[in-house]
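Participant: Sequence:
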Amino acid sequence: MVCAGYMVGGIDACSGDGTLMCSVEGLYYVMGVISWGRGCALPGYPTVYAKVAAFQSWIETTIAPYP
Numbered sequence: 001m002v003c004a005g006y007m008v009g010g011i012d013a014c015s016g017d018g019t020l021m022c023s024v025e026g027l028y029y030v031m032g033v034i035s036w037g038r039g040c041a042l043p044g045y046p047t048v049y050a051k052v053a054a055f056q057s058w059i060e061t062t063i064a065p066y067p
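Using UniProt numbering, read the sequence shown as starting at 1 and increasing by one per residue.
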C-alpha cells in the first residue's frame, strides 16, 4: 500500500476509481490503484493505493497469453 494526496485536502478521487500515475522523463507509469480513502478530500487523509509493483509478476503472468 502507498498513500498519496494533498495533506491540506481538496483534491481526491472521492467516489471515482482511478490510478496513481507518476511522470518520469515524459513517460507515465501506473504506481498505484485506489484501494480506499477516508471521506472525500479531507485534510490529513490521503488516498490509499495498492502498490502496482507488488503485483507486477502476477500482472505479467496474467496478460502473457494475450499479446
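Incorrect hints may appear among the rest.
[Said to hold, decoys possible] Here are the computed distance ranges between Cβ atoms for each label pair:
1) Pro43 to Asp17: 19 to 29 Å
2) Trp58 to Tyr6: 39 to 49 Å
3) Met21 to Ala64: 17 to 27 Å
4) Cys22 to Ser57: 17 to 27 Å
5) Glu60 to Cys40: 30 to 40 Å
6) Arg38 to Tyr66: 34 to 44 Å
7) Ala64 to Met7: 33 to 43 Å
8) Thr19 to Pro67: 27 to 37 Å
9) Asp17 to Ala54: 14 to 24 Å
10) Ala64 to Tyr6: 16 to 26 Å
11) Tyr28 to Tyr66: 16 to 26 Å
12) Cys14 to Pro67: 27 to 37 Å
13) Asp17 to Ala53: 40 to 50 Å
Calculated directly from the structure, the hints in this document are not laboratory data.
No experiment lies behind these values; they were computed from the predicted model shown.
We treat Cβ as the ideally placed atom computed from N, Cα and C, and that holds for glycine.
Participant: Each hint should be assessed against the structure and marked as holding or not.
Facilitator: Going down the list of hints, with the structure as the test:
Distance hint check: the CB atoms of Pro43 and Asp17 are about 22 Å apart, consistent with the given range 19 to 29 Å. Checked against the hint of 39 to 49 Å, the pair Trp58 and Tyr6 fails, with Cβ atoms roughly 31 Å apart. Between Met21 and Ala64 the C-beta distance comes to about 24 Å, which sits within the given range of 17 to 27 Å. The hint said 17 to 27 Å for the Cβ distance between Cys22 and Ser57, and at roughly 20 Å that hint holds.
Take Glu60 and Cys40: their Cβ atoms lie about 34 Å apart, and the range 30 to 40 Å holds. Checked against the given bound of 34 to 44 Å, the beta carbons of Arg38 and Tyr66, roughly 36 Å apart, stay inside it. Take Ala64 and Met7: their Cβ atoms lie about 40 Å apart, and the range 33 to 43 Å holds. Hint check: Thr19 to Pro67, Cβ distance near 23 Å, so the stated range 27 to 37 Å is violated.
Separated by about 18 Å at the C-beta atoms, Asp17 and Ala54 satisfy the suggested range of 14 to 24 Å. The hinted range of 16 to 26 Å is not satisfied by Ala64 and Tyr6, whose Cβ atoms lie roughly 37 Å apart. Checked against the given bound of 16 to 26 Å, the beta carbons of Tyr28 and Tyr66, roughly 22 Å apart, stay inside it. Distance hint for Cys14 and Pro67: a CB-CB separation of about 36 Å, consistent with the stated range 27 to 37 Å.
The hinted range of 40 to 50 Å is not satisfied by Asp17 and Ala53, whose Cβ atoms lie roughly 19 Å apart.
In this structure, the earlier hints numbered 2, 8, 10, 13 are contradicted, and the remaining ones agree with it.
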